[in-house]
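There are 2 protein chains.
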Amino acid sequence: MDIEQLAKIFKALGHPTRIKIIEHLININTCVCGEIVDIFPYSQSTISQHLKLLKESGIVCGEVEGPKTYFCVDKTVLNTLKQYIETL
Amino acid sequence: MDIEQLAKIFKALGHPTRIKIIEHLININTCVCGEIVDIFPYSQSTISQHLKLLKESGIVCGEVEGPKTYFCVDKTVLNTLKQYIETL
DNA sequence: AATAATTATCGTCTATAGGCGATGAACGAT
DNA sequence: ATCGTTCATCGCCTATAGACGATAATTATT
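As given, the protein sequences belong to chains P and E, one line each in that order.
Letter by letter, the first sequence follows residues 400 to 487 in our numbering.
Letter by letter, the second sequence follows residues 400 to 487 in our numbering.
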């Protein structure tokens, strides 16, 4: 994995809310934006922005289905991250 | 480990230069600021700033010895980080 | 005591992050 | 066709990041 890509993922994880989002996504496997908005004390636009960052880093992917978007963690990317950390 | 602390570490790793610094510190065990400055195409103040961020996150510690400061990776913190990643 | 070497900090600049409300776009249901 | 739902995006604001050169602070050496 590219070091730039790695830095992007770390950066994406570099915010408490985004870590919690990742943990939540892993726990319940897949999730819709509104559900996450309900959990956190932030506006819909703020959560959407966090999800966008996570998506851009590659650690999260989102599938549009009708009016909703289903977000989930990309296990492949997560595993690559785990492997990298192990080399440290 | 506190989630705020975790986010700080991820944030600290969220920059290509800082990832490379960490890798270098692990490879050669301990290192002085000037040596890192020689490796990267950045000024001494910029590298010093990166090292400060890494130190503040806890992933790196620095010991002052005379006019030099010896930086090294805190293995305990690194292991905690590894353990956390494994739980994801 | 003066100088050289090493690192940290300050001030400055531009760019990005992080929050918000308001609006836009896409879809389902009525 | 209209309306409600859901999400993304825009514009705005303030705070922080990231780079630099210049300067301060500390120490070893001469």
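Hints are computed from structural coordinates only; laboratory data are not their basis.
All values reported here derive from a predicted model rather than from experimental measurement.
A portion of the hints provided could be inaccurate.
Since the list can't tell identical chains apart, any single copy or any two copies may satisfy a pair.
Subject to a maximum C-alpha distance of 25 Å in a straight line, what follows is the list of computed BS3-like cross-link-like pairs (lysine-lysine) [said to hold, decoys possible]:
id, residue 1, residue 2
1, K467, K481
2, K467, K454
3, K407, K419
4, K454, K474
Against the structure, the hints:
no.	hint	result
1	K467 x K481	neither (30 Å within a copy, 34 Å between copies)
2	K467 x K454	within (16 Å within a copy, 42 Å between copies)
3	K407 x K419	both (17 Å within a copy, 14 Å between copies)
4	K454 x K474	within (13 Å within a copy, 31 Å between copies)
This entry does not satisfy hint 1, going by the numbered hints stated previously; all others are met.
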